[in-house]
Amino acid sequence: MDWGQILNNTAYWVFSPETIAYALAATGLAVHFGYAGLLNFGMAGFMALGAYGYAISILSFGWPWWVGIIVGCLAAVVFAFILGIPTLRLRADYLAIVTIAAAEIVRLALTTQLFDEWTNSADGLGGYHAGFRAANPFPKEAADGSVMTYGFGPWTWTADQLWVRVFGIILLAIAVYLVWALMRSPWGRVLKGIREDEDAVRSLGKNVFSYKMQALIIGGVFGALGGVVFALPSAVVPATYTTSLTFFIWTILLLGGAATVFGPVVGSLIFWVIMGFLGNVLPALANSGILPMSSQQAATLRFILVGVALMLIVIFRPQGIFGNKRELTFVK
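Reminder that position 142 of the sequence shown reads as 142 in the working numbering, one-by-one numbering, no gaps.
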């Protein structure tokens with residue numbers, strides 16, 4: 001096995017757009033579950049709406065790329081209202097079922113030919129990158145006309161690749177700061193009180209439903225921004241936004257710590273580095289004859305290992321790396 005190549009391929013995931021996008025979505029899920037106690041299993045729906053809102057705004061209406069981001073966030077707000085009005089009074093387990101179904105409804109609606117004019121159904125959308133790349137502040141060509149590259153060590157990017165990562169990190173930093181500021185404010189303290197005992201908060205005259213709705217909207221917007229970052233370097237394909245995406249985000253959240261500010265960021269980094277490492281090592285072990293399976297089967301094995309890891313985290317360290325066990329509603 002070529003360990004140098006394996007480590008170089010693994011290093012990609014440290015600053016990958018996928019890592020940043022999942023960190024943003026996990027930050028939104030932290031607002032939903034970690035701070036508000038909302039058992040949301042439909043984050044894939046928020047990410048899909050953010051990505052499609054961005055792409056459709058550019059391709060179908062010719063709007064600037066930054067307007068597309070706003071449209072994606074507004075789509076998440078509308079989805080939060082539609083989802084929250086009939087469901088936020090449900091118990092946690094019923095809310096989980098409804099949110100899974102809602103995310104699947106969004107994905108299936110995007111694949112139907114009824115909206116083919118805008119969504120291109122199951123084929124997805126692409127070719128919307130020109131406006132964003134035109135706003136790239138990093139030079140693309142050197143003085144001698146050669147292509148500029150940036151980075152250090154195993155991380156080397158073109159100007160467009162660097163721009164995606166820098167822009168995603170800026171959005172992630174803003175999201176993390178907002179969560180930190182909100183949870184230190186009186187609003188955040190009320191939200192955590194609702195997570196602990198919403199009847200007690202209601203007895204103090206607070207509108208519990210309104211606070212839950214606000215948390216659902218804020219977390220949903222972060223999820224939509226994650227969908228935008230996920231779509232920036234490639235294309236928008238509905239098959240991406242399945243329930244497995246939501247479960248990966250939950251794994252990231254529980255790994256880093258549900259009711260923490262930096263837990264989703266660290267959790268996403270660890271998750272994708274491990275996934276990238278296993279995705280390179282397991283097929284190499286299979287090709288070497290060490291694992292009695294094909295390289296395709298070995299590549300799939302990593303998802304089984306992630307599922308086992310998620311179960312072990314919930315059993316033995318439900319608070320995650322940075323979390324406090326006393327703040328988790330499902331272990332009380």
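Among the clues, some could well be false.
Unchecked claim - Ranges between beta-carbon positions, derived for each pair:
| hint | residue 1 | residue 2 | range |
| --- | --- | --- | --- |
| 1 | 242 | 70 | 22 to 28 Å |
| 2 | 293 | 104 | 28 to 34 Å |
| 3 | 200 | 121 | 44 to 50 Å |
| 4 | 61 | 122 | 45 to 51 Å |
| 5 | 242 | 180 | 51 to 57 Å |
| 6 | 210 | 4 | 53 to 59 Å |
| 7 | 288 | 130 | 52 to 58 Å |
It should be emphasised that the hints constitute simulated quantities derived from the structure, not laboratory data. Because the structure is a prediction, the values reported are computed rather than measured. Backbone N, C-alpha and C fix where the C-beta goes; we use that ideal spot for every residue, glycine too.
How the hints compare with the structure:
1. 242 - 70: 22 to 28 Å: holds, 26 Å
2. 293 - 104: 28 to 34 Å: holds, 31 Å
3. 200 - 121: 44 to 50 Å: holds, 48 Å
4. 61 - 122: 45 to 51 Å: Check failed, 22 Å falls outside 45 to 51 Å.
5. 242 - 180: 51 to 57 Å: violated, 31 Å
6. 210 - 4: 53 to 59 Å: Given about 55 Å between the Cβ atoms, the range holds.
7. 288 - 130: 52 to 58 Å: Check failed, 44 Å falls outside 52 to 58 Å.
The structure is inconsistent with the numbered hints 4, 5, 7, although it conforms to all the rest.
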